[in-house]
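K.L.:
Could you build the full structure based on these sequences and the hints that come with them?
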Amino acid sequence: GAGVSQSPSNKVTEKGKDVELRCDPISGHTALYWYRQSLGQGLEFLIYFQGNSAPDKSGLPSDRFSAERTGGSVSTLTIQRTQQEDSAVYLCASSLASTTRAAQHFGDGTRLSIL
Amino acid sequence: GQQLNQSPQSMFIQEGEDVSMNCTSSSIFNTWLWYKQDPGEGPVLLIALYKAGELTSNGRLTAQFGITRKDSFLNISASIPSDVGIYFCAGNFGNEKLTFGTGTRLTIIP
Chain P
1 GAGVSQSPSN
11 KVTEKGKDVE
21 LRCDPISGHT
31 ALYWYRQSLG
41 QGLEFLIYFQ
51 GNSAPDKSGL
61 PSDRFSAERT
71 GGSVSTLTIQ
81 RTQQEDSAVY
91 LCASSLASTT
101 RAAQHFGDGT
111 RLSIL
Chain C
1 GQQLNQSPQS
11 MFIQEGEDVS
21 MNCTSSSIFN
31 TWLWYKQDPG
41 EGPVLLIALY
51 KAGELTSNGR
61 LTAQFGITRK
71 DSFLNISASI
81 PSDVGIYFCA
91 GNFGNEKLTF
101 GTGTRLTIIP
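Read top to bottom, the protein sequences are chains P and C.
Residue numbering for the first sequence follows my numbering, beginning at 1 and increasing consecutively.
Residue numbering for the second sequence follows my numbering, beginning at 1 and increasing consecutively.
Just so you know, not all the hints are guaranteed correct.
[Unchecked claim] Chain P stretches covered by chain C per the calculated footprint, using a threshold of three residues with CB under 8 Å from any CB of chain C: (1) 14-27; (2) 31-42; (3) 69-77.
[Unchecked claim] List time: in silico SDA-like cross-link candidates among lysine to any residue, alpha-carbon distance up to 20 Å: (4) C:K97 with P:Q84; (5) C:K97 with P:E68; (6) C:K97 with P:P55; (7) C:K51 with P:T76; (8) C:K70 with C:E41; (9) C:K97 with P:L60; (10) P:K57 with C:K97; (11) C:K97 with P:S66; (12) C:K97 with P:G28; (13) C:K51 with P:G71; (14) C:K97 with P:D108; (15) P:K15 with P:R64; (16) C:K70 with P:A103; (17) P:K15 with P:P55; (18) C:K97 with P:Q50; (19) C:K97 with P:F65; (20) C:K97 with P:T30; (21) C:K97 with P:K11; (22) C:K97 with P:K15; (23) P:K11 with P:Q84; (24) C:K97 with P:I26; (25) C:K97 with P:Q80; (26) C:K97 with P:L96; (27) P:K57 with P:T76; (28) P:K57 with P:T70; (29) C:K70 with C:S7; (30) P:K11 with C:S7; (31) C:K51 with P:A103.
Hints were generated in silico from the structure; no laboratory data involved.
Glycine residues also receive a C-beta, built at the ideal position from the N, C-alpha and C atoms.
P.N.:
Laid out in structure tokens, this is it:
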């Protein structure tokens with residue numbers, strides 16, 4: 001498809017398990033972002049990748065959260081030892097380049113529920 | 001850190017009415033973006049603003065980048081049922097991560 005693709009769309013898991021969330025950015029977009037949206041809230045920045053540069057991890061809430069981007073395209077967000085407060089919608093976005101005229105385009109997110 | 005105050009938090013209007021919402025920031029931005037989010041979907045970009053004072057339209061939507069670079073507004077004219085949803089403002093300054101407002105929930109009363 002032409003847009004940002006995320007999988008799975010929904011994930012239910014038990015507290016303490018690890019989860020992996022996947023993001024396929026728009027083809028040709030060099031910048032990729034992960035955000036988290038709690039129920040009824042705005043979006044909270046997690047991590048940002050731009051080309052081969054070191055990622056901006058300043059938004060990751062704890063060391064249980066990590067992300068990687070292989071080959072400059074697909075990204076995986078991993079949450080280890082999940083906690084109930086990790087329940088949220090995890091949204092991925094991509095943009096053309098790290099410039100001030102590159103609007104971010106979002107996928108539909110992964111709704112994560114921790115039991 | 002940066003904070004975005006978005007208002008109003010919610011609006012209840014009748015079909016055909018005009019709508020106005022705004023955002024103010026504690027610091028300046030280089031880019032202001034307006035998104036709409038429907039239930040179960042990701043935010044969809046409505047309007048992007050890149051220059052202080054810029055006024056941009058997209059159909060019935062009009063948005064402006066404030067001269068001070070600390071505020072922006074979004075207007076919707078002649079609202080229709082498909083305008084229902086949550087509207088978010090967002091901004092950034094060079095480092096590309098977006099700071100989002102808390103959203104304006106628009107409801108149309110039959």
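K.L.:
Hint by hint, note whether the structure agrees.
P.N.:
Going through the hints against the structure:
1. Beta-carbon proximity to chain C at under 8 Å applies to 0 residues in the stretch 14-27 of chain P; the threshold of 3 is not reached and the given coverage is violated.
2. Taking a C-beta to C-beta cut-off of 8 Å, the stretch 31-42 of chain P contributes 5 residues in contact with chain C, enough for the three needed, and the coverage statement holds.
3. Check on the stretch 69-77 of chain P: 0 of its residues sit with their Cβ under 8 Å from a Cβ of chain C, so the three-residue criterion for coverage is violated.
4. Taking the CA atoms of K97 (chain C) and Q84 (chain P), the gap is near 26 Å; set against the 20 Å cutoff, the hint is violated.
5. The hinted pair formed by K97 (chain C) and E68 (chain P) meets the criterion: a straight-line CA distance of about 17 Å does not exceed 20 Å.
6. Annotation: proposed proximity of K97 (chain C) to P55 (chain P) holds, straight-line Cα distance about 11 Å (limit 20 Å).
7. Taking the CA atoms of K51 (chain C) and T76 (chain P), the gap is about 34 Å. The hint is violated against a cut of 20 Å.
8. About 28 Å separates the Cα atoms of K70 (chain C) and E41 (chain C), which puts this hinted pair outside 20 Å; it is violated.
9. Straight-line distance between C-alpha atoms of K97 (chain C) and L60 (chain P) comes to about 12 Å, which keeps the hinted pair within the 20 Å bound.
10. A threshold of 20 Å between alpha carbons decides the hint, and for K57 (chain P) with K97 (chain C) the separation of about 11 Å falls inside it, so the pair holds.
11. With a C-alpha separation of about 17 Å, the suggested pair K97 (chain C) and S66 (chain P) falls inside the 20 Å cut-off, and the hint holds.
12. Our distance criterion of 20 Å between C-alpha atoms is met by K97 (chain C) and G28 (chain P), whose separation comes to about 19 Å.
13. A distance of roughly 34 Å separates the Cα atoms of K51 (chain C) and G71 (chain P); the hinted pair therefore is violated under the 20 Å criterion.
14. Distance restraint check for K97 (chain C) and D108 (chain P): the Cα-Cα separation of roughly 18 Å lies within the 20 Å cut-off, and the hinted pair is therefore satisfied.
15. Our distance criterion of 20 Å between C-alpha atoms is met by K15 (chain P) and R64 (chain P), whose separation comes to about 13 Å.
16. A threshold of 20 Å between alpha carbons decides the hint, and for K70 (chain C) with A103 (chain P) the separation of about 18 Å falls inside it, so the pair holds.
17. Proximity of K15 (chain P) to P55 (chain P) is assessed by CA-CA distance (about 28 Å); at most 20 Å being required, the pair is judged violated.
18. A hinted pair counts as satisfied when its Cα atoms are at most 20 Å apart, and K97 (chain C) with Q50 (chain P) qualifies at roughly 11 Å.
19. A C-alpha spacing of about 17 Å is found between K97 (chain C) and F65 (chain P), which places the hinted pair at or below 20 Å, so the restraint holds.
20. Of the pairs offered as hints, the one joining K97 (chain C) and T30 (chain P) holds, with about 14 Å between alpha carbons and a cut-off of 20 Å not exceeded.
21. Proposed proximity of K97 (chain C) and K11 (chain P) is contradicted: the alpha carbons are some 26 Å apart, above 20 Å.
22. Taking the CA atoms of K97 (chain C) and K15 (chain P), the gap is about 29 Å. The hint is violated against a cut of 20 Å.
23. Annotation: proposed proximity of K11 (chain P) to Q84 (chain P) holds, straight-line Cα distance about 13 Å (limit 20 Å).
24. As the CA atoms of K97 (chain C) and I26 (chain P) are separated by approximately 17 Å, the hinted pair is consistent with the 20 Å bound.
25. For the hint pairing K97 (chain C) with Q80 (chain P), the CA-to-CA distance comes to about 24 Å; that exceeds 20 Å, so the pair is violated.
26. For the given pair, K97 (chain C) sits about 14 Å from L96 (chain P) by alpha-carbon distance, which is consistent with the 20 Å threshold.
27. Only pairs whose Cα atoms come within 20 Å are accepted, and K57 (chain P) paired with T76 (chain P) is accepted, the gap being roughly 14 Å.
28. Simply put, K57 (chain P) and T70 (chain P) have alpha-carbon atoms about 16 Å apart, close enough for the 20 Å limit, and the pair holds.
29. Proximity of K70 (chain C) to S7 (chain C) is assessed by CA-CA distance (about 14 Å); at most 20 Å being required, the pair is judged to hold.
30. For the hint linking K11 (chain P) to S7 (chain C), the alpha-carbon distance of about 33 Å lies beyond 20 Å, and the restraint is violated.
31. Simply put, K51 (chain C) and A103 (chain P) have alpha-carbon atoms about 14 Å apart, close enough for the 20 Å limit, and the pair holds.
Checked against the numbered hints above, the structure violates hints 1, 3, 4, 7, 8, 13, 17, 21, 22, 25 and 30; every other hint is satisfied.
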